[in-house]
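J.: Please take these sequences and the hints and turn them into a complete structure.
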Amino acid sequence: MITAPTIEYFALAPLLIIFGAAVIGVLVEAFAPRYLRRAVHVPLTLLSLVGAFALVILQTVRGVPTTPAAMGSVAVDGPTLFIWGTILVLSFVSILLINDEEQFVPSAAAVPGSAEEEKAITEGAAHTEVYPLALFAIGGMLLFPASNDLLIMFVALEVMSLPLYLLCGLARRRRLLSQEASVKYFLLGAFSSAFFLYGTALLYGFAGTVDLVGISRALATAGGTETLLLVGTAMLGVGLLFKIGAAPFQAWKPDVYQGAPTPITALMASGTLVAAFGAVLRVFWVALGNDSWNWQPIMWGVAALTMVVGSILAITQTDIKRMLAYSSIAHAGFLLVGVMAVGEKGQNALALSGLLFYLVTYGITTVGAFAVVTLVRDPGGEAWHLSRWAGLGKRSPKLAGLFAFFLLAFAGIPLTSGFFGKYAVFRSAVALGEGWLTGLVVLAVVASAAAAFFYVRVIVLMFFSDPSADGPTVVTPSWATSTVVGFSAFATVALGVFPQPVLDLAEKAAKSLFVQ
Amino acid sequence: MTAIPWLSILMGVSVLGALGVSFLKNDKLAKQATLGVSLLVLVLAVVMTVGFSPNGDRFQYAETYDWIPSFGVHYAVAVDGVALVLILLSAVLVPIVVLASWHDAEQGKRSVRTYFALLLVLEAMMIGVFAATDVFLFYVFFEAMLIPMYFMIGSYGGAQRSYAAVKFLLYSLFGGLLMLVAVIALYNVADKNSFLFPDLIGAVTDPTTQKWLFLGFFVAFAIKAPLWPVHTWLPDAAAQAPAGAAVLLVGVLDKVGTYGMLRFCLELFPDAAKWATPVVIALSVIGIVYGAIVAIGQTDIKRLIAYTSISHFGFITMGVFAMTTTAASGATLYMVNHGFSTGVLFLVAGFLIYRRGSQFIADYGGVQKVAPLLAGAFLIAGLSGLSLPGLSTFVSEFMVLLGTFERYAVPAIIGTTGVILAAIYILWMYQRTMNGPTAESVAEMKDLNGRERWVVAPLIALIVVLGFFPKPLLDVINPAVKESLVNVKVTDPAPVVAVKEGQ
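Protein chains in written order, with my numbering: chain X, 1 to 516; chain Y, 517 to 1019.
Note that these hints are calculated values from the structure, not bench results.
Treat each hint with caution, since some may be false.
Said to hold, decoys possible - Calculated Cβ distances over 12 Å to all of chain Y for the following chain X residues:
#1 Val26
#2 Gly51
#3 Leu162
#4 Asp319
#5 Phe419
#6 Thr476
#7 Gly496
#8 Val497
#9 Leu513
To be verified - A partial selection of chain X residues facing chain Y, derived with a Cβ cut-off under 7 Å:
#10 Phe186
#11 Leu415
#12 Trp436
#13 Gly439
#14 Val441
#15 Ser448
#16 Ala452
#17 Phe464
#18 Gln500
Idealized CB from N, CA, C, for every residue including glycine.
T.: And the structure:
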């Protein structure tokens, strides 16, 4: 007789709500009349996010589960809840940005510049599918860092990625770039998924299980030098590092960030990065934690390369979104420094809380920055070329001031949230007391100084250059966009001056570490 | 009765003033408000100074609150004599700079009130950076104060302003970030779960660790000060900054570097500081001579003044690292005097440049005949720059050389050549701009107006008064310096007096 598996529905409720809402969204697409769809989708999506967030809070208050849910395949623990909360907040503000028809193509199937496209525009067609697609992606993001075995993680990876591939191709302007981004992301993403899956298979060969805890147990008895283990770890690493955009797997990031509709870029740059880091941490700390001396040297090289590539290549960019993409790469490198800071339990909690805090600060600032990008427009869409931003500080000092502030936060200037984020991670790395990691921190601060150069370059353009006569217009932001920019700016200040409450939360979340 | 939180009030007044000014719609009102706020800060600072007892506790007016307990960071401010005189220096210079910059911000059609709001923000941060007794808080101010200065240079400066602003920011940021690593490591090595300065004194004992941490701090301060060979940002930044901002940049911001060396490098890492002394003294001497020689060759008035400052900073760092009471007190006094004398030099040069519209010495000549007051002020400021006896800088320069000679005779002797070179660069500049036949382009030049006289007069009065009677300042500085040097565990070498034999 087969016993039915036990499912902890309460623990999984946030996931279920998001996926449920996504399915309802598909039904709305199928049955609701066209003119009603947006009116249903927006509240549905936002409410489901709020509901899921409320459940996360409730669970946190009620006490964090100490065993994994769903027969050990999904771990809803302290770090997961913190990451879920972060992703849900970031998704909420990203959805507010997505709620802008100007950003999405009226008919994705129409050839760019064709008569069909003209027709779709005059008819006022719109792809309201973006809402359920985004919800599926967000659901995947929630499951990804919570998965406690490699197969679930793979499923989550695909659920997260497939809708994003589609969403990337839906930009209203510069459609060819958008489609190119979509195809590139899909192809490279498929490759990385294959790597991930192959790595999973090899690790299964080594441990006889895909359970993360099981792999860790197998490591305790085996020597740690088996070929299957080493190759499997490498393959799995490639798949995960691709998602966070670490060098040398970063090539997709600038293209995709540039081509995708900006609100989708915001969602990817914030939510996906947080989710992917959660997964990286879970795999490398829970499953491969006992094998750290094998992966740390490689990770060291990857982190160093990522910081350097991100900081240096960003300097040569002329497209604002590509520049932010390279900035995201550099930040991924800084975050990887914290991933390596593993030691005994207290040290791990320190590193984990630092990383969690960094992810919050970076995610919020990123969404704010991309929200500003959506507001500065040329007749043909967003003013993407950096030279178009010249003199913006004179035309609309408030907007330029906010953007400058976000850039300073990226650069990690004190009294912005970015500073404490960096500080928290670097502190945990130095606290390990190992020369090789402290050396990497020194490299990281040098890279930060180099990165500051290109952030500052934009500020120079905006404030110290004279505006051109036919400069871009700053559109009056909708209430949604204003909310996003306002929220991001507020959080960036608040976390830069009084980070303690969020630090407390991160510390509490990190204290119990990942469930084993 | 609870103690009045003087330092928080000083900063609070400046910050609130900045906020208020940024909301004023009328530019003239904004200027007047800024002047009012900065004068209020000055009055408060003077009142605070009067209540300071030089021979009491080392740190007075202390306030300590938890800021970020997770990181062991406190909002902790207090002043000792050294910090106090530097805060006073800032408080004196800001209203003068406000008055001097009355029309500076209008040239570029940029927001006037933003400029003045930035000035007040900068004032709050200058006070904060000297008052911080939590190393982390110090770091926060140290980095954050770059931003207002960056915008002041970049938005309101000369033709090359954005290049100069970026260079300034990146140099300082680079040094600051290295210091950040040292700050983090210091926290971990000390293992006290606190960034409070008194907790950290003597916390690092391992010699190798001390050396590394010392380097992290020292590089940041050397860039800030700036010490040769990391000085190259200063001439650009100072030449491109509006005159008022240049005064604060060279007069106060750079002092953070030398102050940091005295306060943090020496006291937290005494053994490493002694280990590094030969190199630092050598760099200082090179800086003194190099800055002076290069200054002689300059064709741009503001760049010339910037290079003279590099020479003077050489004296200050030499005084700090000579580690004798006389030298360190002299160096601290030098920080203040240099702020005044370079301040007035920059401001008068700024008036000159504003009238003629050129920074180049070659464009002037015989100004003295058409604008005698301007020329006179320029001369006194210049003479103070070359340390003429009777003017304040002489006292401090003499103390530094004397104090250094007690321990390092040869560098002191080489450093003395800087005094001679100073006479060349100052007098030659004066001669080329003020004497000789009046150049046609300056024939119509107006003399100092009422506002400008109010700018110059207090500074010249201070230079003269402190030149004859430096005692009040030294009374405040000396005990603080002595306590610092106690933490460094050095004693002054006994004076060597030649004893005649056979008597």
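J.: Name the hints, by number, that the structure is in violation of.
T.: Failing hints, ascending: 5, 7, 8, 10, 12, 13.
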